[in-house]
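J.: If you want the building blocks of each chain, they are given just below.
There are 2 protein chains.
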Amino acid sequence: MPKFKKMGSLMIILVFSMLISPSFCSQESSQFRRPMILEYPDGGVAEQEEMNLECTSWRIAVEANNLNPWKTIPQECADYVKNYMTGKGYKLDLERVSNEASVFAKTVNVGDDSKDVWIFDIDETLLSNLPYYSDHGYGLEVFNGVEFDKWVGKGMALAIEPSLRLYHEVLSLGFKVFLLTGRSERQRDVTVQNLMNVGFKNWDKLILRDTEDHGKLATIFKSEKRTEMLKEGFRILGNSGDQWSDLLGHSMSTRSFKLPNPMYYIP
Amino acid sequence: MPKFKKMGSLMIILVFSMLISPSFCSQESSQFRRPMILEYPDGGVAEQEEMNLECTSWRIAVEANNLNPWKTIPQECADYVKNYMTGKGYKLDLERVSNEASVFAKTVNVGDDSKDVWIFDIDETLLSNLPYYSDHGYGLEVFNGVEFDKWVGKGMALAIEPSLRLYHEVLSLGFKVFLLTGRSERQRDVTVQNLMNVGFKNWDKLILRDTEDHGKLATIFKSEKRTEMLKEGFRILGNSGDQWSDLLGHSMSTRSFKLPNPMYYIP
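Residue numbers (the working numbering), protein chains in the order written: chain S, 1 to 267; chain R, 1 to 267.
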């Protein structure tokens, strides 16, 4: 019966046309359609999302000053920190902290006695050493002072743009700007040159570690220097730093602003 | 020719069995298979990832104490905060902060004069008011003191489990535990009952706001109470709180631990 023969051929054509049609499965499964994200080379997405959660939690603990002293970032957060530092996250956080600082600065009634001070730390606050850290695993390697000093000696650190804007703004509002850094007095010239080259000018004091300050914890060194400022009659209203040791201790500022830095920890 | 008739029937059965087989399409499309994430109802994934970045940046700023005073969470972070508070992120952060506090507590050489103190705040530190906040948009609604007091009056706040473990641990290490809360003296009984019901016992002092403390900023009220402790000869070594106003000010503890809380801000 040719009718059945025809029907059989028709059926075969039908089946194959359905099988090769690209729209068949997508339509068939449209009720399950979901957006797609890139798969990471070394693991599934669930695993990757778990790691993101863990590393974000770790980073939150860094920024909230909850972590006990640490020497390197967690091995498993190496990619996370690299992606954060080179991607949009770090930029967003830098912009937010400068914006909030700017809002606060504008609320201050700056006196006309030139005694209202804003303190800035230098490394990872005004200047970015990202080119150095990109060669050293973004905090995955234990800090090497000798290597880092070679980098500082080149005077090639970059301006952190949102900090540069804040810097100009607090100056124009009438604050005195004091720079308070853990860099050594021996690095004064290259530091001044580097700062000026990328747009930082007109600070009132640049305080570096002198011979007697080496070996002091940053918290102690910086607190002592702030105490001296208070003794000289200055009012410390704002303080910007990427380390909690820039901000805590004694003689603290009225408001302080913690810039993001998940790469290293200075006690 | 029954042969063709048979073939036709066979083909029909084959086609339908393929169509209804759940594995058919997934195998056919395996070369396009990618991990899937849930689609958000109101936007694409790129937009959603952008929002996640923004809201994570906002949350980082909350936890790092960079934000100027705020009354509600950003409208656009409503889902983000809800997901964080009810999902894995909040739990992870709570566990991390208690673990770090525990590591620190064990390094302390607790004296045998019963003068070493660990301070705990109560709300969102020992006790969770999540059932209340889930009914009030997780911080999206402006704080309503009258409504919140009704909730407190029920005495139904939950234990924050990682804090309960830390609480028992610092007690067993020999610390005295002082509870220092912005709750009112009028809420003493229900607070004691609530704390005991969920496992908090054996504190040494429970300090609430008395009549003269109402209207004081939390930072001032808590600093004054810490100063009194120092005058009584206590050494404040640890302090756990979900607000920076629990931790900053004067007479600060040796180490402080900031529990996560993106839902509200107390100055």
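Some clues are possibly wrong.
[As the list claims (entries may be wrong)] Below, a list of computed lysine-lysine pairs in the DSBU-like style, where the Cα atoms sit at most 35 Å apart:
id	chain 1	residue 1	chain 2	residue 2
1	S	Lys225	S	Lys82
2	S	Lys88	R	Lys216
3	R	Lys216	S	Lys71
4	S	Lys115	R	Lys225
5	S	Lys106	R	Lys205
6	S	Lys216	R	Lys106
7	S	Lys91	R	Lys82
8	R	Lys205	R	Lys82
9	R	Lys88	S	Lys82
10	R	Lys71	S	Lys88
11	S	Lys176	S	Lys201
12	S	Lys176	S	Lys88
13	R	Lys231	R	Lys88
14	R	Lys82	S	Lys216
15	R	Lys225	R	Lys71
16	R	Lys91	S	Lys82
17	S	Lys150	S	Lys91
18	R	Lys201	S	Lys216
19	R	Lys82	S	Lys82
20	S	Lys115	R	Lys106
21	S	Lys71	R	Lys115
22	R	Lys88	R	Lys150
23	R	Lys150	R	Lys71
24	R	Lys115	S	Lys106
25	R	Lys91	S	Lys91
26	S	Lys216	R	Lys115
27	R	Lys150	S	Lys225
28	S	Lys82	S	Lys115
29	S	Lys176	S	Lys154
30	S	Lys225	R	Lys225
31	R	Lys201	R	Lys88
32	S	Lys231	R	Lys115
33	R	Lys225	S	Lys216
34	R	Lys176	S	Lys71
35	S	Lys88	R	Lys91
36	S	Lys150	S	Lys176
37	R	Lys225	S	Lys231
38	S	Lys115	S	Lys216
No wet-lab data here; the hints were simulated from the structure.
J.: Work down the list of hints and note, for each, if the structure agrees.
T.: Consistency of the hints with the structure:
no. : hint                 : verdict
1   : S:Lys225 to S:Lys82  : holds, 34 Å
2   : S:Lys88 to R:Lys216  : violated, 40 Å
3   : R:Lys216 to S:Lys71  : violated, 40 Å
4   : S:Lys115 to R:Lys225 : holds, 32 Å
5   : S:Lys106 to R:Lys205 : violated, 41 Å
6   : S:Lys216 to R:Lys106 : holds, 25 Å
7   : S:Lys91 to R:Lys82   : holds, 25 Å
8   : R:Lys205 to R:Lys82  : holds, 34 Å
9   : R:Lys88 to S:Lys82   : holds, 23 Å
10  : R:Lys71 to S:Lys88   : holds, 27 Å
11  : S:Lys176 to S:Lys201 : holds, 12 Å
12  : S:Lys176 to S:Lys88  : holds, 32 Å
13  : R:Lys231 to R:Lys88  : violated, 42 Å
14  : R:Lys82 to S:Lys216  : violated, 44 Å
15  : R:Lys225 to R:Lys71  : holds, 26 Å
16  : R:Lys91 to S:Lys82   : holds, 25 Å
17  : S:Lys150 to S:Lys91  : holds, 26 Å
18  : R:Lys201 to S:Lys216 : violated, 41 Å
19  : R:Lys82 to S:Lys82   : holds, 28 Å
20  : S:Lys115 to R:Lys106 : violated, 44 Å
21  : S:Lys71 to R:Lys115  : holds, 32 Å
22  : R:Lys88 to R:Lys150  : holds, 29 Å
23  : R:Lys150 to R:Lys71  : holds, 20 Å
24  : R:Lys115 to S:Lys106 : violated, 44 Å
25  : R:Lys91 to S:Lys91   : holds, 27 Å
26  : S:Lys216 to R:Lys115 : holds, 29 Å
27  : R:Lys150 to S:Lys225 : violated, 49 Å
28  : S:Lys82 to S:Lys115  : violated, 41 Å
29  : S:Lys176 to S:Lys154 : holds, 28 Å
30  : S:Lys225 to R:Lys225 : holds, 29 Å
31  : R:Lys201 to R:Lys88  : holds, 28 Å
32  : S:Lys231 to R:Lys115 : holds, 33 Å
33  : R:Lys225 to S:Lys216 : holds, 31 Å
34  : R:Lys176 to S:Lys71  : holds, 32 Å
35  : S:Lys88 to R:Lys91   : holds, 26 Å
36  : S:Lys150 to S:Lys176 : holds, 31 Å
37  : R:Lys225 to S:Lys231 : holds, 28 Å
38  : S:Lys115 to S:Lys216 : holds, 27 Å
In summary, the structure is inconsistent with hints 2, 3, 5, 13, 14, 18, 20, 24, 27, 28 from the numbered list given earlier, while agreeing with the others.
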